[in-house]
Amino acid sequence: MEHEGPRQVEIELTTIQRALAGEEAALAQIYDAYARPIYRYHYSRVGNAADAEDLTSQTFIAALEALPRYQHRGRFTAWMFQIARNKAMDHFRKNHSMSDMTDSVADPIQTDAIEAIYQNESRARLRTLMRLLDDDERELLRLRFTAELSFVQIGQLLGRSEDAARKSIRRILDRLALQMEAQNA
0 MEHEGPRQVE
10 IELTTIQRAL
20 AGEEAALAQI
30 YDAYARPIYR
40 YHYSRVGNAA
50 DAEDLTSQTF
60 IAALEALPRY
70 QHRGRFTAWM
80 FQIARNKAMD
90 HFRKNHSMSD
100 MTDSVADPIQ
110 TDAIEAIYQN
120 ESRARLRTLM
130 RLLDDDEREL
140 LRLRFTAELS
150 FVQIGQLLGR
160 SEDAARKSIR
170 RILDRLALQM
180 EAQNA
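Residues 0 to 184 in numbering that gives the first Met the number 0 are what the sequence shown spells out, letter by letter.
Derived by calculation from the structure, the hints in this document are not laboratory data.
Here the structure is a predicted model, which means the values were calculated and not measured.
C-beta: ideal position from N, C-alpha, C; glycine also.
You may find that some hints are simply not true.
To be verified - Pairs of lysine to aspartate or glutamate residues, derived as EDC-like cross-links and limited to a Cα-Cα distance of at most 16 Å, are as follows:
id: 1; residue 1: K93; residue 2: D53
id: 2; residue 1: K166; residue 2: E138
id: 3; residue 1: K93; residue 2: D50
id: 4; residue 1: K166; residue 2: E136
id: 5; residue 1: K93; residue 2: E138
Stated by the list, open to error - Label-pair distances were calculated between CB atoms; the ranges are:
id: 6; residue 1: T13; residue 2: D134; range: 35 to 41 Å
id: 7; residue 1: R159; residue 2: L131; range: 38 to 44 Å
id: 8; residue 1: L12; residue 2: A49; range: 31 to 37 Å
id: 9; residue 1: D173; residue 2: P67; range: 41 to 47 Å
id: 10; residue 1: I10; residue 2: Q182; range: 44 to 50 Å
id: 11; residue 1: A48; residue 2: D135; range: 24 to 30 Å
id: 12; residue 1: I60; residue 2: R159; range: 27 to 33 Å
id: 13; residue 1: N47; residue 2: E23; range: 28 to 34 Å
id: 14; residue 1: A65; residue 2: R126; range: 32 to 38 Å
id: 15; residue 1: L131; residue 2: R72; range: 31 to 37 Å
Turn these sequences into a full structure, and let the hints guide you.
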């Protein structure tokens, strides 16, 4: 259910209505569309497969329970990832201190774009620099590169415009690049 354009929104809403009517194929379609990116997002937060799988399951259970209350005010993707973010926060509140939450940078950036920028740098150095980012900055990078959300989806999820999401991520990446260069000097 990757969406852009009015026709895709219509398809998305139809799928949601079918899921609400109990149609298993529609529920499977939603799961297939979101399970992998939500798992990757959770894994980037908690750093282990078992917890990421549990959080992914909890996300889908919560989404299924909340689906009758879903109101189309933006992309369904943003709604799903808001549930995922809430489940991750609940997990850290129950199982870890807040410092654990900020230290949980489990190799969040594994994309060709970032690797091209930092191909001569070690991942350990990048992870160290990632820990210096604030929570909001790390979250933006997780949503973009781990969950592979579009700038539109990130903007909707965080209550920002597409352009603001794009510029924020660009500034963070530029700052990381400068810090990497400074370490090489």
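Outcome of the hint check:
1. For the given pair, K93 sits about 14 Å from D53 by alpha-carbon distance, which is consistent with the 16 Å threshold.
2. Distance restraint check for K166 and E138: the Cα-Cα separation of roughly 15 Å lies within the 16 Å cut-off, and the hinted pair is therefore satisfied.
3. Note on K93 and D50: the hinted pairing holds, with a Cα-Cα distance of about 13 Å set against a maximum of 16 Å.
4. The suggested pairing of K166 with E136 holds, with an alpha-carbon distance near 12 Å, which does not exceed 16 Å.
5. For a cut-off of 16 Å, the pair hint linking K93 to E138 is broken: about 20 Å separates their Cα positions.
6. Remark: the range hint 35 to 41 Å for T13 to D134 is upheld by a beta-carbon distance near 36 Å.
7. Checked against the hint of 38 to 44 Å, the C-beta distance between R159 and L131 comes to roughly 23 Å, which is inconsistent with it.
8. Against the hinted window of 31 to 37 Å, the Cβ-Cβ separation of L12 and A49 comes to about 35 Å, which satisfies the hint.
9. Between D173 and P67 the C-beta distance comes to about 43 Å, which sits within the given range of 41 to 47 Å.
10. Checking the proposed 44 to 50 Å range against I10 and Q182 shows it holds: the Cβ atoms sit about 47 Å from each other.
11. A hinted range of 24 to 30 Å for the beta carbons of A48 and D135 is consistent with their spacing of about 26 Å.
12. Between I60 and R159 the Cβ separation comes to about 28 Å, which falls inside the hinted range of 27 to 33 Å.
13. A C-beta distance of roughly 31 Å is found between N47 and E23, which places it inside the suggested range of 28 to 34 Å.
14. Checked against the hint of 32 to 38 Å, the pair A65 and R126 passes, with Cβ atoms roughly 34 Å apart.
15. Separated by about 35 Å at the C-beta atoms, L131 and R72 satisfy the suggested range of 31 to 37 Å.
Violated hints, listed in ascending order, are 5, 7; each of the other numbered hints is respected by the structure.
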